[in-house]
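Asks: Each chain is listed here by its residues.
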Amino acid sequence: GQQVMQIPQYQHVQEGEDFTTYCNSSTTLSNIQWYKQRPGGHPVFLIQLVKSGEVKKQKRLTFQFGEAKKNSSLHITATQTTDVGTYFCAGPNGNKLVFGAGTILRVKS
Amino acid sequence: GAVVSQHPSRVICKSGTSVKIECRSLDFQATTMFWYRQFPKKSLMLMATSNEGSKATYEQGVEKDKFLINHASLTLSTLTVTSAHPEDSSFYICSASILWRGPQHGEQYFGPGTRLTVT
Numbered sequence: 059g060q061q062v063m064q065i066p067q068y069q070h071v072q073e074g075e076d077f078t079t080y081c082n083s084s085t086t087l088s089n090i091q092w093y094k095q096r097p098g099g100h101p102v103f104l105i106q107l108v109k110s111g112e113v114k115k116q117k118r119l120t121f122q123f124g125e126a127k128k129n130s131s132l133h134i135t136a137t138q139t140t141d142v143g144t145y146f147c148a149g150p151n152g153n154k155l156v157f158g159a160g161t162i163l164r165v166k167s
Numbered sequence: 046g047a048v049v050s051q052h053p054s055r056v057i058c059k060s061g062t063s064v065k066i067e068c069r070s071l072d073f074q075a076t077t078m079f080w081y082r083q084f085p086k087k088s089l090m091l092m093a094t095s096n097e098g099s100k101a102t103y104e105q106g107v108e109k110d111k112f113l114i115n116h117a118s119l120t121l122s123t124l125t126v127t128s129a130h131p132e133d134s135s136f137y138i139c140s141a142s143i144l145w146r147g148p149q150h151g152e153q154y155f156g157p158g159t160r161l162t163v164t
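Chains A and E supply the protein sequences, listed in that same order. Under this note's numbering, the letters of the first sequence match residues 59 to 167, in that order. Under this note's numbering, the letters of the second sequence match residues 46 to 164, in that order.
I should point out that these hints are in silico values taken from the structure, not numbers from a laboratory. Glycine included, every Cβ here is placed at the ideal spot set by N, Cα and C. Be a bit skeptical, because a hint or two may be false.
Mimicking DSS-like on lysine-lysine, the simulated pairs with C-alpha atoms at most 25 Å apart in a straight line are [claimed, not checked]:
{"#": "1", "chain 1": "A", "residue 1": "K154", "chain 2": "E", "residue 2": "K109"}
{"#": "2", "chain 1": "A", "residue 1": "K154", "chain 2": "E", "residue 2": "K59"}
{"#": "3", "chain 1": "A", "residue 1": "K128", "chain 2": "E", "residue 2": "K111"}
{"#": "4", "chain 1": "E", "residue 1": "K87", "chain 2": "A", "residue 2": "K166"}
{"#": "5", "chain 1": "A", "residue 1": "K154", "chain 2": "E", "residue 2": "K111"}
{"#": "6", "chain 1": "E", "residue 1": "K109", "chain 2": "A", "residue 2": "K166"}
So the derived label-pair ranges between C-beta atoms look like this [stated by the list, open to error]:
{"#": "7", "chain 1": "A", "residue 1": "E73", "chain 2": "E", "residue 2": "S134", "range": "19 to 27 Å"}
{"#": "8", "chain 1": "E", "residue 1": "S50", "chain 2": "A", "residue 2": "E125", "range": "36 to 44 Å"}
{"#": "9", "chain 1": "A", "residue 1": "A126", "chain 2": "E", "residue 2": "C58", "range": "27 to 35 Å"}
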């Protein structure tokens with residue numbers, strides 16, 4: 059079945075450093091979604107990318123969708139302690155979403 | 046944005062008892078809700094898709110008779126963990142999808158989750 063792989067599993071960065079998480083799907087996706095889950099919280103929708111090669115920005119967050127629509131990345135510039143949490147990518151499979159394993163981001167101040 | 050509530054947020058029950066978890070979409074109608082289970086520092090494991098007015102669709106390996114799902118209205122879905130055992134202890138999260146539109150898949154809005162502990 060469809061698989062969504064995400065790396066790295068963990069990332070510890072110094073505050074102010076950049077951070078990137080990568081997502082790869084075993085199949086071509088109609089869209090890719092990104093979610094953030096703070097420690098002790100629940101996943102919160104961040105963004106959806108639909109077009110091949112699409113790039114979207116939200117303040118210090120930059121989201122990319124690959125040309126082949128099988129991979130995506132989330133890049134955070136100059137991380138802050140508020141960026142701590144787990145970042146999940148997810149791709150649709152029918153009316154369901156298949157989530158990646160997530161990347162846990164820890165920021166050292 | 047869309048708000049999904051979940052109740053209770055935490056529950057402790059004895060082994061062998063049943064626990065009901067409610068998931069409500071507060072400001073929109075959700076024809077489809079999803080139930081997930083999440084282990085510590087792990088990803089979301091989809092348990093079932095809850096469709097309003099029809100039977101839920103369970104993922105492979107999820108026992109239908111153990112995890113009863115009812116989606117009686119466009120704003121409420123319930124998950125009942127029957128005859129709970131300690132291994133059922135977990136974080137259960139529901140979500141609702143606002144829109145299903147062609148090639149775009151509606152984003153999901155998650156409830157705050159329910160921490161179940163079975164003693």
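Asks: If a hint holds in the structure, say so; if it does not, say that too.
Replies: A quick look at each hint next to the structure:
As the CA atoms of A/K154 and E/K109 are separated by approximately 18 Å, the hinted pair is consistent with the 25 Å bound. Note on A/K154 and E/K59: the hinted pairing is violated, with a Cα-Cα distance of about 33 Å set against a maximum of 25 Å. With a C-alpha separation of about 36 Å, the suggested pair A/K128 and E/K111 falls outside the 25 Å cut-off, and the hint is violated. Taking the CA atoms of E/K87 and A/K166, the gap is near 22 Å; set against the 25 Å cutoff, the hint holds.
Simply put, A/K154 and E/K111 have alpha-carbon atoms about 22 Å apart, close enough for the 25 Å limit, and the pair holds. As the CA atoms of E/K109 and A/K166 are separated by approximately 44 Å, the hinted pair breaks the 25 Å bound. Distance hint check for A/E73 and E/S134: the Cβ-Cβ separation is about 35 Å, which falls outside the suggested range of 19 to 27 Å. Distance hint for E/S50 and A/E125: a CB-CB separation of about 40 Å, consistent with the stated range 36 to 44 Å.
Our hint of 27 to 35 Å for A/A126 and E/C58 is violated, since their Cβ atoms are close to 48 Å apart.
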